[in-house]
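Peer 1: Input sequences plus hints: build the corresponding full structure.
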Amino acid sequence: MIDDLLNQTITVAKRVGNDGRGHYTYGAPKEHRARVEHKPRLVRSNIGDTTNRFEKVSNARVYVEASASIEIGDKITLPDGSVPIIILVAPQYDMDGALAYWRVDV
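To convert, take the position in the sequence shown, counting from 1, and add 334; that gives this note's numbering.
It should be emphasised that the hints constitute simulated quantities derived from the structure, not laboratory data. A few of these clues could be false.
Unchecked claim - Calculated pairs, BS3-like style, for lysine-lysine (alpha carbon to alpha carbon, straight line, at most 27 Å):
| # | residue 1 | residue 2 |
| --- | --- | --- |
| 1 | K409 | K390 |
| 2 | K348 | K373 |
| 3 | K373 | K390 |
| 4 | K409 | K348 |
| 5 | K364 | K348 |
| 6 | K373 | K409 |
| 7 | K348 | K390 |
| 8 | K364 | K409 |
Peer 2: Rendered as structure tokens:
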């Protein structure tokens with residue numbers, strides 16, 4: 335159902351560690367089908383205790399195919415070449431409980 339809407343391509347490089355100087359290191363980038371919607375949104379996290387909750391403004395929301403595996407800290411490159419910071423990653427499930435796609439706020 336959502337596959338028809340994923341008409342753009344993003345690149346995701348998984349975070350694999352750091353270089354000992356506080357900078358992340360990344361694995362080989364992989365391309366994934368996606369849809370990018372540039373629209374400011376207030377993103378809230380209700381996970382964890384009150385010290386881990388946050389409110390941030392997301393500049394775009396990216397819908398990514400289910401075969402991708404995206405986590406906070408990974409490097410994502412949008413179709414326009416920008417490399418935003420991932421704020422929140424939320425798996426989205428279909429009516430059968432299977433992973434349908436990823437919703438990523440950047």
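Peer 1: For K373 and K409, compute the direct alpha-carbon distance and say whether it is at most 27 Å.
Peer 2: Holds - the C-alpha atoms of K409 and K373 are around 20 Å apart, at most 27 Å.
Peer 1: Starting from K409, check that the Cα of K390 is at most 27 Å away, please.
Peer 2: The hint holds at about 19 Å.
Peer 1: Taking 27 Å as the top limit, are the C-alpha atoms of K373 and K390 close enough?
Peer 2: 13 Å, holds
Peer 1: Is K364 within 27 Å of K348, Cα to Cα?
Peer 2: 9 Å, holds
Peer 1: Straight-line Cα separation of K364 and K409 no greater than 27 Å?
Peer 2: Holds, at roughly 11 Å.
Peer 1: Take the C-alpha atoms of K348 and K390, compute the straight-line distance between them, and say whether it is at most 27 Å.
Peer 2: Roughly 23 Å separates the two Cα atoms, so the pair holds.
Peer 1: Has the given pair, K409 with K348, been kept, meaning a C-alpha gap of at most 27 Å?
Peer 2: 7 Å, holds
Peer 1: Holds or violated: K348 with K373, Cα cutoff 27 Å?
Peer 2: 25 Å, holds
Consistency note: the structure conflicts with none of the earlier hints.
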